[in-house]
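Each chain, written out:
There are 2 protein chains.
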Amino acid sequence: MELKANKPIKVALDAMGGDFAPENELLGAISVFDDAKQSKNLEIVILGDEGKINNFLKDKNLSKVKYTIVPTTQVITMHDDPTESLKTKKDSSLYRGAEMAANGEVDAFVSAGNTGAMLATSTVLMRRIKGVSRPSIATFMPSDNETPTLLIDAGANVDCKPRFLYEFAVMGSVYTKQILGLKAPRIGLLSIGEEEKKGNDQVREAHQMIKEDKSLNFIGNVEGKDVMSGSCDVVVCDGFTGNVILKLAESFPKLVKSRFKQYADSSVKNKVLAASAMPALKSVFSSFNYENYGGVP
Amino acid sequence: MELKANKPIKVALDAMGGDFAPENELLGAISVFDDAKQSKNLEIVILGDEGKINNFLKDKNLSKVKYTIVPTTQVITMHDDPTESLKTKKDSSLYRGAEMAANGEVDAFVSAGNTGAMLATSTVLMRRIKGVSRPSIATFMPSDNETPTLLIDAGANVDCKPRFLYEFAVMGSVYTKQILGLKAPRIGLLSIGEEEKKGNDQVREAHQMIKEDKSLNFIGNVEGKDVMSGSCDVVVCDGFTGNVILKLAESFPKLVKSRFKQYADSSVKNKVLAASAMPALKSVFSSFNYENYGGVP
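So the sequences go chain by chain: A and B. Residue numbering for the first sequence follows the working numbering, starting at 1 and increasing by one per position. Residue numbering for the second sequence follows the working numbering, starting at 1001 and increasing by one per position.
No wet-lab data here; the hints were simulated from the structure. Fair warning: there could be bad hints in the mix.
Unchecked claim - Here are the in silico distance ranges between beta carbons for each label pair:
(1) A:Val32 <-> B:Ser1133: 54 to 64 angstroms
(2) A:Asn145 <-> B:Asn1024: 47 to 57 angstroms
(3) B:Thr1147 <-> A:Gly104: 51 to 61 angstroms
(4) A:Phe20 <-> B:Asp1019: 52 to 62 angstroms
Said to hold, decoys possible - Some but not every residue of chain A turned toward chain B, in silico, with C-beta under 10 angstroms:
(5) Pro8
(6) Arg186
(7) Leu190
As the list claims (entries may be wrong) - The list that follows gives simulated cross-link-like pairs (lysine to any residue, SDA-like), each with its CA atoms no further than 25 angstroms apart:
(8) A:Lys161 <-> A:Glu194
(9) A:Lys214 <-> A:Glu195
(10) B:Lys1247 <-> B:Glu1084
(11) A:Lys269 <-> B:Phe1260
(12) A:Lys197 <-> B:Lys1225
(13) B:Lys1225 <-> A:Pro142
(14) B:Lys1058 <-> B:Arg1127
(15) B:Lys1261 <-> A:Glu146
(16) B:Lys1161 <-> A:Glu146
Glycine included, each C-beta is placed from N, C-alpha and C at the ideal position.
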């Protein structure tokens, strides 16, 4: 996705977030500037242990990279309790980044750290869209369409009240308008049949709530087959189902590759046929690579 | 799958069930006898409108087909209410077939008719496995394994109590023992993480119930990625999630084919590469063809 902006965009980066911090975070940030078009209006604000960051950056070529460092003294680990760290780690890179985004000092904040802490901190500091009571995890799925399909919720809320599903519809609509530039994103509610009466209790109730909100372009219930077909722009579901969908879809290319290997191993002729299929197969499957769709808004 | 039996097997067939009845039902039944090995011990009991059945069969070559006809006078259509038809259509092919199976006059009964009526009639006439309070729909999924994976429930019970999930585990275990010949089918409970505490309320409760039943080979929670990986033999889930999984998985090959078409259309070179990939691709995708896995036990 290409960023479209008239004014420079400042993005805060939690350099202490991921499993290989700060190396991978910084390599990622630097690589963005390889693409002059993409980074034209971009500035990165790096948050974290100043010594470690400078140490890592000292032998890198940073001539094209626009960045500043904001030193922080604490780190939230994957084992920290989200609510606890919100209180006790206010000088962590995660907390400070979220705070800068909330204050408008930066336009966005990115972290690969503790998901729960990110969710809790963002919710407290940035608050939520009006009418939305629960944060959620959304993710883009490859689709048979020009733009990907947003799956929301992909795992934050496993036990969902109908109200939550309605709120996911609102958030998904706002998000795909902003990020994909869609004018009236088509919202589908995941169920087990297209008819209004189909589904479980939550889905039937949520259907009515989404339908009544005339600001949403609600196309009604959709089914499992619609998640990647491009028949809608936003698929609304509870976080349990969303997580299962995400992980199932991620596993499918692996199964296809394994079957290809079986096929190739079954005869010499098939080995040749499978080899000639590889360039096309690789190209097609790279379009399903979830690493291209990663990250959670 | 090959039938293994020491004594002749009698299968009752509802000739009036499907959308193209009785033609497709009878063609199907006849074609089984093309394979002498498969049909060695087989006898088909055809239930339905005797006139229509004889009319269709009169110009067919039936020299190898072992069959008898049981005439019935009523037909349950797709629009009939399941519970209502149970009371008012006792001389239907569906009711009579289920009755013969329940009485032991035949070893099995097959119908392509009204799923709800089939479910209701079978439940009333054949009753259930001890300890099982709800019938379910199960379906085999292609897996990265010698045997397919049973997905249960695939859509019969959308709002599931923990007890239902436990019962699906029992049914799935019995079924895969009988049909796939597995000695200790590996039962996985679908959740959003492998840890016992992960999942929604139902799943957490069901986990304990399944774990306590020592007759089951319970391998714990599994995730979306395990549905087709072959890491377990039975995937237990509620009917809502199961239905979504089934329809998502069915749609995946279509998306891959569509991407292949885009790839082929993007340049002359890619057209050639895509064409050379076709034989391998077709063979691999035929192994995902859900028509090979169709039918619901």
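### Message
Tell me the hint numbers this structure goes against, listed in increasing order.
### Response
Result: hints 2, 5, 6, 10, 12, 14 and 16 break, sorted rising.
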